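Go ahead and model the full structure; you've got the sequences and the hints to work with.
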Amino acid sequence: MPPSLIRKATRNPSSASVDSEATPRKPELASGNTFDSLFNNSKYADVKLYLGESKTQFLAHQVVLGTRSPYFDDALRSEFKEGITHEFTYDKDSPHALWRVLQYMYTGNYTDEPSECLESEGDDLELLKHPRVYALADMFRMEELKTLSCKKFELQLQQHWITDAFPDCIREVYTISMEGSSIRKAVVDAVFSHKKALVQKRAFQEVVREVGDFAIELVLKMTNSDAY
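Going by our numbering, the residue at position 3 of the sequence shown is 3; the numbering climbs one at a time, nothing skipped.
No wet-lab data here; the hints were simulated from the structure. The model shown is predicted, which means the values in this text are computed figures rather than measured ones. Misleading hints may appear alongside valid ones.
Between beta-carbon pairs, the in silico distance windows are [stated by the list, open to error]:
no., residue 1, residue 2, range
1, Glu179, Arg209, 14 to 22 angstroms
2, Ser37, Ala215, 43 to 51 angstroms
3, Phe192, Cys117, 36 to 44 angstroms
4, Gln159, Lys81, 15 to 23 angstroms
5, Lys55, Phe80, 13 to 21 angstroms
6, Glu53, Ala203, 25 to 33 angstroms
7, Lys43, Ala203, 43 to 51 angstroms
8, Val219, Gln158, 39 to 47 angstroms
Just so you know, even glycine gets a beta-carbon here, dropped at the ideal spot from N, CA and C.
Written out as structure tokens, the structure reads:
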């Protein structure tokens, strides 16, 4: 993980008599590389994020966002609006996926459970939770979170590949990800493992017709298992 963004100030001899207790100390990296106690906590908060159409406010901390995400590190130190106001609005992205990304930033993991703070916003479908976290992790340039969300997705597919939601899941995965991405590989591997059952489903056949990249990658997998 990148080093703490906190820099030690050069000591000014004239300020040697200043009581160190007079100035609140900013949070530093915890020994376990997590900021659990600061998650969804206004203490020391210096960044505001507005999630979803409801623009639910999340109070965050520059040291956490900047340490966990190169995207936020760049944005918060830039001369653009967000760098000046320290406010970010994400009304087009899944608010629950954003919440899970923030939960990961502070705790090192995230849950499938919806946030009580986002009761007015419906949670993502079960098979879309981890792909949407993956997409945000890609945008925020968080490689470790991409790996984690993909692993969670792979485990989920072991049970949910048979559900009616899987075809729409395939469509979304191929919309939000790039060629050669690990989350696409997870989809192709799951389909390959259950191809005899899936090929009988009309909804699956429609996905094969519609999503060209998926069809190509599936054929490559079926032709040569070493292609992935």
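Legend entry - Distance restraint hint 36 to 44 angstroms, applied to the beta-carbon atoms of Phe192 and Cys117: holds, 39 angstroms
Legend entry - 13 to 21 angstroms as the expected CB spacing between Phe80 and Lys55, which holds or is violated: holds, 20 angstroms
Inset, instruction - Take the C-beta atom of Val219 and the C-beta atom of Gln158, compute their distance, and say whether it sits inside 39 to 47 angstroms. - result: At roughly 23 angstroms between Cβ atoms, Gln158 and Val219 fall outside 39 to 47 angstroms, so the hint is violated.
Inset, instruction - For Lys43 and Ala203, compare the CB-CB distance with the range 43 to 51 angstroms and indicate the outcome. - result: About 49 angstroms separates the Cβ atoms of Lys43 and Ala203, which means 43 to 51 angstroms holds.
Inset, instruction - Please test the hint of 25 to 33 angstroms on the beta carbon pair from Glu53 and Ala203. - result: About 29 angstroms separates the Cβ atoms of Glu53 and Ala203, which means 25 to 33 angstroms holds.
Inset, instruction - For Gln159 and Lys81, compare the CB-CB distance with the range 15 to 23 angstroms and indicate the outcome. - result: With Cβ atoms ~44 angstroms apart, the hint is violated.
Inset, instruction - Go ahead and decide if the range 43 to 51 angstroms is satisfied by the Cβ distance of Ser37 to Ala215. - result: Holds - the Cβ-Cβ distance for Ser37 and Ala215, about 48 angstroms, lies within 43 to 51 angstroms.
Inset, instruction - Mind checking the hinted window 14 to 22 angstroms against the Cβ distance between Glu179 and Arg209? - result: holds, 19 angstroms
Checked against the numbered hints above, the structure violates hints 4 and 8; every other hint is satisfied.
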